[in-house]
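Engineer: To convert, note that position 71 of the sequence shown is 71 in the working numbering; the numbers rise steadily by one, no gaps.
Derived from the structure by calculation, the hints contain no laboratory data. We put the CB at the ideal spot given by N, CA and C, even for glycine. Check before you lean on any hint, since a few could be wrong.
[As the list claims (entries may be wrong)] Dumping the calculated EDC-like pairs for lysine to aspartate or glutamate here, alpha-carbon to alpha-carbon at most 20 angstroms: (1) Lys143 to Glu163; (2) Lys143 to Asp162; (3) Lys143 to Glu119; (4) Lys103 to Asp78; (5) Lys133 to Glu119; (6) Lys251 to Asp232.
[Said to hold, decoys possible] Quick list of simulated restraints, FRET-style, between CB atoms: (7) Arg123 to Asp197: 44 to 52 angstroms; (8) Ala237 to Gln104: 36 to 44 angstroms; (9) Arg73 to Ala235: 25 to 33 angstroms; (10) Arg123 to Leu58: 51 to 59 angstroms; (11) Phe13 to Asp221: 23 to 31 angstroms.
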Amino acid sequence: MSFLSVSDVSMAFRIKGNGSFLALDSVSMDVAGNEFVCLIGHSGCGKSTLLNLIAGLLLPTAGEIRCDGKAVRGPGPDRAMVFQSHALLPWMTCFENVHLAVKQVFSTLSAAQMKDKVEEALRLVHLDHAMHKYPYEISGGMKQRVGIARALAAAPQVLLLDEPFGALDALTRASLQDELVRIVESIRSTVVMVTHDIDEAILLSDRIVMMTNGPAARIGDVLKIDLPRPRDRVALAANPQYAAHREYLLKFLYQKQRA
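Generate coordinates for the entire structure from the input sequences, incorporating the hints supplied.
Structural biologist: Next comes the structure, spelled out in structure tokens:
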């Protein structure tokens, strides 16, 4: 059953003069509860635009987005976003950065209850030991984990990830991908993630939504990833189905690049 639905959504941006740029054209997709969906496609195909629409940071020119049966008309606590840049406030500790989200969403809780929620979120990303450090005192990967903890602390029904590991080195990225697999399995949240990394998409997702090139991007194809969970990247590398999925995705992207 669909938990998140995108129905005939188009998004046009006004440009200088009287013209407009059509980023998305009649995009429709459904995401089930507790499903992990990745959006992939070439740069400029509207992946991040679609994610911002789901987050309520943009409103569609046409069509409708619904989350748990309710129309999305702006940001809300039922959806939390993690960006490629961690966007931490540098004058606040890791604890204080996460506490901001908790205070915003759970304003009626006592100070002790808020503290418990912050500490629980930081434990989930294995950063409870660094909760009193400032962003400049921790690594890039740790900063991104704080960003994820901040999103999780709000207990969202839908977690939205916009290339959260794109700026990290390969080893740190692989480590955080494995962390995300563990976290998502423990919280059982619905996840929509934008990525350029085919291997990342196969490792993490239940389905991969492939976008056509922009402008006027659409959904070109959808691939179901029927690999068993929990997933281990070393075991996956030897799985023939993994290789088949990878070839299918590469072929789609290569054809769109030449189009």
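Engineer: Next step is simple, just say for each hint if it's right about the structure.
Structural biologist: Quick rundown of the hints versus the structure:
1. Pair hint Lys143 plus Glu163 holds up; C-alpha atoms about 14 angstroms apart against a cutoff of 20 angstroms.
2. Taking the CA atoms of Lys143 and Asp162, the gap is near 15 angstroms; set against the 20 angstroms cutoff, the hint holds.
3. Simply put, Lys143 and Glu119 have alpha-carbon atoms about 16 angstroms apart, close enough for the 20 angstroms limit, and the pair holds.
4. Under the criterion of a C-alpha separation no larger than 20 angstroms, the hint pairing Lys103 with Asp78 is consistent with the structure, at around 15 angstroms.
5. The hinted pair formed by Lys133 and Glu119 meets the criterion: a straight-line CA distance of about 14 angstroms does not exceed 20 angstroms.
6. The hinted pair formed by Lys251 and Asp232 fails the criterion: a straight-line CA distance of about 24 angstroms is larger than 20 angstroms.
7. A beta carbon spacing of about 27 angstroms between Arg123 and Asp197 contradicts the range 44 to 52 angstroms that was offered as a hint.
8. For Ala237 and Gln104, the Cβ-Cβ distance of about 41 angstroms falls inside the hinted range of 36 to 44 angstroms, so the restraint holds.
9. Taking 25 to 33 angstroms as the suggested C-beta distance range, the pair Arg73 and Ala235 does not conform, at roughly 43 angstroms.
10. The hinted window of 51 to 59 angstroms between Arg123 and Leu58 is violated, with their beta carbons roughly 34 angstroms apart.
11. At roughly 25 angstroms, the beta carbons of Phe13 and Asp221 sit within the given window of 23 to 31 angstroms.
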